[in-house]
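Asker: Start counting the sequence shown at 1; every next residue gets the next number (the numbering used here).
These aren't lab readings, by the way, just hints derived from the structure by calculation.
From a predicted model like this one, the values you see are computed outputs, not experimental measurements.
Take the hints with a grain of salt, since some may be wrong.
[Said to hold, decoys possible] Here are the simulated distance ranges between beta carbons:
| # | residue 1 | residue 2 | range |
| --- | --- | --- | --- |
| 1 | 2 | 51 | 18 to 24 Å |
| 2 | 43 | 11 | 18 to 24 Å |
| 3 | 30 | 3 | 34 to 40 Å |
| 4 | 35 | 5 | 38 to 44 Å |
| 5 | 8 | 36 | 30 to 36 Å |
| 6 | 40 | 17 | 18 to 24 Å |
| 7 | 51 | 25 | 35 to 41 Å |
| 8 | 30 | 2 | 23 to 29 Å |
| 9 | 53 | 24 | 18 to 24 Å |
Note that the Cβ used here is the ideal one computed from N, Cα and C, for glycine as well.
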Amino acid sequence: MSKPNPQVLETAITAACNAHTGLHQAIYELRHGSVTEGKQIIARQIAALANALMIL
1 MSKPNPQVLE TAITAACNAH TGLHQAIYEL RHGSVTEGKQ IIARQIAALA NALMIL
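Turn these sequences into a full structure, and let the hints guide you.
Answerer: Pasting the structure below:
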C-alpha cells in the first residue's frame, strides 16, 4: 500500500480533528441542550469521518 500524498493526509487529519471537536459539541448538546440537535451533529460527524477515510 502506498503512502498518501502529504497534502491529502493533512486534509484527512484536519477533517478528523474537526469531527472530534464536533463530537464534543454533540455531547454537550445531548447533556445540556437538544437531544435532536445532538443526534444531528453526531450524524454529520460520522459522515465527515467517513469522507476523511475515503480520501486516504
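Asker: Could you run down the list of hints and mark each one as holding or not?
Answerer: Hint check:
Checked against the hint of 18 to 24 Å, the C-beta distance between residue 2 and residue 51 comes to roughly 20 Å, which is consistent with it. Look at residue 43 against residue 11: about 21 Å separates their beta carbons, and that is inside 18 to 24 Å. Take residue 30 and residue 3: their Cβ atoms lie about 38 Å apart, and the range 34 to 40 Å holds. A C-beta distance of roughly 40 Å is found between residue 35 and residue 5, which places it inside the suggested range of 38 to 44 Å.
Here the CB-CB span from residue 8 to residue 36 is close to 34 Å, well matched to the stated 30 to 36 Å. About 20 Å separates the C-beta atoms of residue 40 and residue 17, a value consistent with the hinted range of 18 to 24 Å. Residue 51 and residue 25 have their C-beta atoms about 18 Å apart, which leaves the hinted 35 to 41 Å range violated. Between residue 30 and residue 2 the beta carbons are some 40 Å apart, a value that contradicts the proposed interval 23 to 29 Å.
Distance hint check for residue 53 and residue 24: the Cβ-Cβ separation is about 20 Å, which falls inside the suggested range of 18 to 24 Å.
Checked against the numbered hints above, the structure breaks hints 7, 8 and satisfies the rest.
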